[in-house]
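Student: Take a look at the letters that make up each chain.
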Amino acid sequence: MKYVLRRIVTLVLTMIMVSFLSFAAFHLISGDPAVVILGTSATPERLEALRRSMGLDQPFLIQYFRWLAGFFTGNLGISYSYQQPVAALIMPKLQVTFCMVMLSFAVIIICSFPIGLFSSRIAGSRLDWLHTTFNQLCMAVPAFFLSILVTYVFGIALKWFRPGAFPDLAKNPVGAMHYLFYAAVCIAIPRIAMCVRMMRSTIIGEMEKNYVRTAISRGNDRGRVLRRHVLKNSLVPTITLLGQTMAEIVSGGIVVEQVFGIPGMGRFLVLSISNKDYPVVQALVVILAFWVIMAGTVADLLNQTVDTRLRLGGR
Amino acid sequence: MKKKVRINGYLAAGLILTAVIILWIVVGQFYTPYDPTKMSMDKLQGPTLAHLFGTDRFGRDIFSRVMRGSWTTLVIAVSTVAIGCVVGTIIGAVTGYFGGAADEALMRINDALTAFPSILLALVIISFLGPGKYNVTVALGIVFIPSFARVTRTAFAAQRDVNYITSARLMGASWIRILVVHMLPNTINVLLPAVTIGFNNAVLAEASMSFLGIGVNPPDVSMGYMLSEAQGMIKAAPWYAISVGIMIALLIFGVGLIGEGMQRLDKEVG
Numbered sequence: 484m485k486y487v488l489r490r491i492v493t494l495v496l497t498m499i500m501v502s503f504l505s506f507a508a509f510h511l512i513s514g515d516p517a518v519v520i521l522g523t524s525a526t527p528e529r530l531e532a533l534r535r536s537m538g539l540d541q542p543f544l545i546q547y548f549r550w551l552a553g554f555f556t557g558n559l560g561i562s563y564s565y566q567q568p569v570a571a572l573i574m575p576k577l578q579v580t581f582c583m584v585m586l587s588f589a590v591i592i593i594c595s596f597p598i599g600l601f602s603s604r605i606a607g608s609r610l611d612w613l614h615t616t617f618n619q620l621c622m623a624v625p626a627f628f629l630s631i632l633v634t635y636v637f638g639i640a641l642k643w644f645r646p647g648a649f650p651d652l653a654k655n656p657v658g659a660m661h662y663l664f665y666a667a668v669c670i671a672i673p674r675i676a677m678c679v680r681m682m683r684s685t686i687i688g689e690m691e692k693n694y695v696r697t698a699i700s701r702g703n704d705r706g707r708v709l710r711r712h713v714l715k716n717s718l719v720p721t722i723t724l725l726g727q728t729m730a731e732i733v734s735g736g737i738v739v740e741q742v743f744g745i746p747g748m749g750r751f752l753v754l755s756i757s758n759k760d761y762p763v764v765q766a767l768v769v770i771l772a773f774w775v776i777m778a779g780t781v782a783d784l785l786n787q788t789v790d791t792r793l794r795l796g797g798r
Numbered sequence: 002m003k004k005k006v007r008i009n010g011y012l013a014a015g016l017i018l019t020a021v022i023i024l025w026i027v028v029g030q031f032y033t034p035y036d037p038t039k040m041s042m043d044k045l046q047g048p049t050l051a052h053l054f055g056t057d058r059f060g061r062d063i064f065s066r067v068m069r070g071s072w073t074t075l076v077i078a079v080s081t082v083a084i085g086c087v088v089g090t091i092i093g094a095v096t097g098y099f100g101g102a103a104d105e106a107l108m109r110i111n112d113a114l115t116a117f118p119s120i121l122l123a124l125v126i127i128s129f130l131g132p133g134k135y136n137v138t139v140a141l142g143i144v145f146i147p148s149f150a151r152v153t154r155t156a157f158a159a160q161r162d163v164n165y166i167t168s169a170r171l172m173g174a175s176w177i178r179i180l181v182v183h184m185l186p187n188t189i190n191v192l193l194p195a196v197t198i199g200f201n202n203a204v205l206a207e208a209s210m211s212f213l214g215i216g217v218n219p220p221d222v223s224m225g226y227m228l229s230e231a232q233g234m235i236k237a238a239p240w241y242a243i244s245v246g247i248m249i250a251l252l253i254f255g256v257g258l259i260g261e262g263m264q265r266l267d268k269e270v271g
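Residue numbers (this note's numbering), protein chains in the order written: chain A, 484 to 798; chain B, 2 to 271.
A hint or two may mislead.
Simulated coverage check for chain A against chain B, where a stretch passes if three residues somewhere in it have a Cβ under 8 Å from a Cβ of chain B [stated by the list, open to error]:
1) 609-623
2) 704-712
3) 735-748
Some chain A residues close to chain B (C-beta under 8 Å, calculated; not the full set) [what the hints assert, rightly or not]:
4) Tyr486
5) Ile512
6) Val753
7) Val768
8) Ala772
Keeping only pairs whose Cα atoms sit at most 30 Å apart, straight-line, the calculated DSS-like set for lysine-lysine is [claimed, not checked]:
9) B:Lys236 <-> A:Lys642
10) B:Lys44 <-> A:Lys642
11) A:Lys576 <-> B:Lys236
12) A:Lys715 <-> A:Lys485
Hints are computed from structural coordinates only; laboratory data are not their basis. Glycine included, C-beta positions come from ideal geometry on N, C-alpha and C.
Could you build all of it, start to finish, from the sequences and the hints given here?
Tutor: Structure (structure tokens):
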């Protein structure tokens, strides 16, 4: 239990640090929100009144803690461009992105493990160079270029879906998931190549160890040793990579959402950056960073369950 | 004692492919078959011998456009990696060698920074600086510093108490001399793969940002900008998007092969 607690304490500390860093950065650079909202022609009295009502006359640290408290109670401030609460604006977009990310992650998991196991078995054979080259090629194709190809082939040529016409997630969940599936696959392909590569190299490294040689020399079947012993011991780097992947498919999705015309968080983020709508950008940045930290922590905890050696405080 | 460098297939293929592409891009700075910005009457032609990659909606030759426009992407990627690598290595070397409280503090900040996905960090920096090719370079350069710092810190820290370093210290070598002359050459085998990965990430990041319209702006043209232009005419001229996309993929593929080759070389030697 001790390692779980320690990990959670680190998680909270990192979250506080990350939120403080981004709050300070936006505080420094975004200028005076009162001026942004009221415009430069507003009278000093009105500006002063608005500042007081927004709590901007308070010391910096108080403002930070207020903002942090607001963050956890769902009060993320008011958007400059829409004059609406940020939370209400971003919620539907987060749902769409969340579905896309989960779909993509599922595709990655379902494909990576069989391909990874297979590719570690053909390591050293004559097909090996072909596999490595194909793997590198998959990693080299940018996800958003794949998206353009997929919208062209499946959307425009084959008409399996209508690019740009994203069905409402609440009213037509099946249609929406079908639409998101194409995007999810585009995000997944380069990531699958990375996971396969990672699995392959760790499994090959593990297969050279003495215990594997012993197990095989005692008459165990090679495939059985691979599945029963080696896989479990070589899972750790892959799980860590999957944790990072979970984080990176969100940021990779920003561009893919743009190509497919999916009304998700990424598109809204880009729009808000162009509009200099800092409350929205700040909220999304912190949510994304929290997501990344959580994914890393979950991966670590999973690793400690899979490989109990790590609990002794190694790494 | 000179180590004999063996070349494997991946390294050779990667070096050749990358060299050809870079040569092609560099030549594009001086010579292109057509003027890349000149419009003509040959609109929306598919690939032919006269126009290898076809023409776009305005009758511009896509081959020439890609040849000229890729230069911006290449320059941004190289300068970004240079910024990240030099600054990151300096930070990593000093903190790794000296350790202590400063090392601890910087590593914690590093941890916090890695929580922000690199594209996101670059986008936020751009939102403050404004778009444009110099700002993109600065933003991405800053974003890549932490990863290089982390890699080099580990490499330098591992050598801190090795015998030859202790000897050098006893002989009165200054810390700068120890870091640069004695330690740096021994970190090359971790630094070079990091550079290849960084380069590929930089190409991808530039392309994504310009594609989103918050990177390189006209009149500058880059691979990402061309891809967004091409997406607008995907129905009429699909060959535009395909040629640009394949060029990006080939560039990344070539450098990726170099990285793969170097890692295998490492294993063969060690």
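Student: Now tell me, hint by hint, if it's right for this structure.
Tutor: Quick rundown of the hints versus the structure:
no.: 1; hint: 609-623; verdict: holds (count 7)
no.: 2; hint: 704-712; verdict: violated (count 0)
no.: 3; hint: 735-748; verdict: holds (count 5)
no.: 4; hint: Tyr486; verdict: violated, 18 Å
no.: 5; hint: Ile512; verdict: holds, 5 Å
no.: 6; hint: Val753; verdict: holds, 5 Å
no.: 7; hint: Val768; verdict: holds, 6 Å
no.: 8; hint: Ala772; verdict: holds, 5 Å
no.: 9; hint: B:Lys236 <-> A:Lys642; verdict: holds, 13 Å
no.: 10; hint: B:Lys44 <-> A:Lys642; verdict: holds, 26 Å
no.: 11; hint: A:Lys576 <-> B:Lys236; verdict: holds, 28 Å
no.: 12; hint: A:Lys715 <-> A:Lys485; verdict: holds, 23 Å
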